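Taken in order, these protein sequences are the chains called Z and F. For the first sequence, this note's numbering gives the first residue as 1, with consecutive numbering after it. For the second sequence, this note's numbering gives the first residue as 1, with consecutive numbering after it.
To be clear, the hints were calculated from the coordinates, so they are not data collected in a lab. All values reported here derive from a predicted model rather than from experimental measurement. It is possible that some hints are incorrect.
With a straight-line Cα cutoff of 16 Å, these simulated EDC-like cross-link-like pairs (lysine to aspartate or glutamate) come out [what the hints assert, rightly or not]:
| no. | chain 1 | residue 1 | chain 2 | residue 2 |
| --- | --- | --- | --- | --- |
| 1 | F | K17 | F | D156 |
| 2 | Z | K196 | Z | E235 |
| 3 | Z | K89 | Z | E120 |
| 4 | Z | K142 | F | D114 |
| 5 | F | K83 | Z | D141 |
| 6 | Z | K50 | Z | D228 |
| 7 | Z | K50 | Z | E200 |
| 8 | F | K17 | F | D115 |
| 9 | Z | K142 | Z | E103 |
| 10 | Z | K142 | F | E78 |
| 11 | F | K129 | F | E97 |
| 12 | Z | K217 | Z | D140 |
| 13 | Z | K92 | Z | E113 |
| 14 | F | K83 | Z | E103 |
| 15 | F | K195 | F | E158 |
| 16 | Z | K142 | F | E79 |
| 17 | F | K17 | F | E161 |
| 18 | Z | K142 | F | D81 |
| 19 | F | K154 | F | D134 |
| 20 | Z | K102 | F | E85 |
| 21 | F | K72 | F | D47 |
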Amino acid sequence: MGDSQYSFSLTTFSPSGKLVQIEHALTAVGSGQTSLGIKASNGVVIATEKKLPSILVDEASVQKIQHLTPNIGTVYSGMGPDFRVLVRKSRKQAEQYLRLYKEPIPVTQLVRETATVMQEFTQSGGVRPFGVSLLVAGYDDKGPQLYQVDPSGSYFSWKASAMGKNVSNAKTFLEKRYTEDMELDDAIHTAILTLKEGFEGEISSKNIEIGKIGADKVFRVLTPAEIDDYLAEVE
Amino acid sequence: MQIFEYNGSAVVAMVGKNCFAIASDRRLGVQLQTIATDFQRISKIHDHLFIGLSGLATDVQTLYQRLVFRHKLYQLREERDMKPETFASLVSAILYEKRFGPYLCQPVIAGLGDDNKPFICTMDSIGAKELAKDFVVSGTASESLYGACEAMFKPDMEAEELFETISQALLSSVDRDCLSGWGGHVYVVTPNEIKEKILKGRMD
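With the rest of the complex left out, here is chain Z (with noise of 0.2 Å):
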């Protein structure tokens, strides 16, 4: 490929236009662990499989899913590590406009601040770009919202989205189930249903991760019981 004399510096463009640092963080999300997200009518959930390298790791210490204000919740595709610095920095943000305006954060303004970290760090010296996509589920007064966020700093407002390993499949088989009046718990069985459509191996309440939020705007991440209550309606 002819841009590959260009894709030693993050700050240069290729001739093709692109900024192959970005391309290459892409492809990172894309070898990620499938994540999903679905906005209902009343409601957003938010789901990840939740594969660990050994059936050592001690499960119930790895939490996928993150709070990053009471009614905000987020989950990614990719690299961990840079998930945790994303989802330290967006808290901050939240916070600083908590003390501020001594009023819970928009959604879409965490999401446009996130999305400016993110693409700051597409536009300075000596850092890279994360290799994550969030998707970040939130209830406010404009009611439920499902945003993407990628590297590069872009955002999108989804219906329904999917990210990682398994995204093609995922989105295909959520745009054939997904309806515009979905009330939250058809929702959450959807979500099921297509993690269930890539999975490798049996799924359980062990190896995936489901968080909601709802008109009472509290974001949640369920316990694996109620977990095992949703795929036990689902089958």
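Let chain Z serve as the given structure and place chain F on it in line with the hints.
Just chain F, lined up with the frame of chain Z:
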């Protein structure tokens, strides 16, 4: 020479039934000399939010410009107007930033919040908020204003009666203060309209 009394000022805000009124005097002085009789102390941030600033006139003008700047950026970013409570928190934060070299102003903030519920508050020059359900006052005539408002205020007044009450309270208080007066400037704000009136009182 007290710095807060250099220019002279009187600002008052009152809560009514689904409406509020905010009023100020119009004198700008340099100690004992009057140099203007049409000084603008109350400014509109958006249709349902007003801020009146008493204290040193230069800081009144600069602080107003800074707040309008912040609000305009907020409107562009968030595509909505700021709620009065949010704006009050912002003003408090901006004042505290200058804790050890403060703006020599005391703001009075009045607005209609969600469901057109009236909101008023005042704060000192370093951002200590004081919320009230009835009225707030600030300026060189504040002691007289407290007395007049306490005597004349009734809860749940309609816009017309609120206008009369706040005007009487303002004029009688500034008459007892040599540094404020030369008429009054009153805004009565309901969910659908803003009424602005100039009062003619004792012109001294």
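Against the structure, the hints:
no.	hint	verdict
1	F:K17 <-> F:D156	holds, 4 Å
2	Z:K196 <-> Z:E235	holds, 11 Å
3	Z:K89 <-> Z:E120	holds, 13 Å
4	Z:K142 <-> F:D114	holds, 15 Å
5	F:K83 <-> Z:D141	holds, 13 Å
6	Z:K50 <-> Z:D228	holds, 15 Å
7	Z:K50 <-> Z:E200	holds, 12 Å
8	F:K17 <-> F:D115	holds, 12 Å
9	Z:K142 <-> Z:E103	holds, 14 Å
10	Z:K142 <-> F:E78	holds, 11 Å
11	F:K129 <-> F:E97	holds, 14 Å
12	Z:K217 <-> Z:D140	holds, 7 Å
13	Z:K92 <-> Z:E113	holds, 11 Å
14	F:K83 <-> Z:E103	holds, 10 Å
15	F:K195 <-> F:E158	holds, 13 Å
16	Z:K142 <-> F:E79	holds, 12 Å
17	F:K17 <-> F:E161	holds, 10 Å
18	Z:K142 <-> F:D81	holds, 14 Å
19	F:K154 <-> F:D134	holds, 8 Å
20	Z:K102 <-> F:E85	holds, 8 Å
21	F:K72 <-> F:D47	holds, 13 Å
Hint compliance for this structure: no hint is broken.
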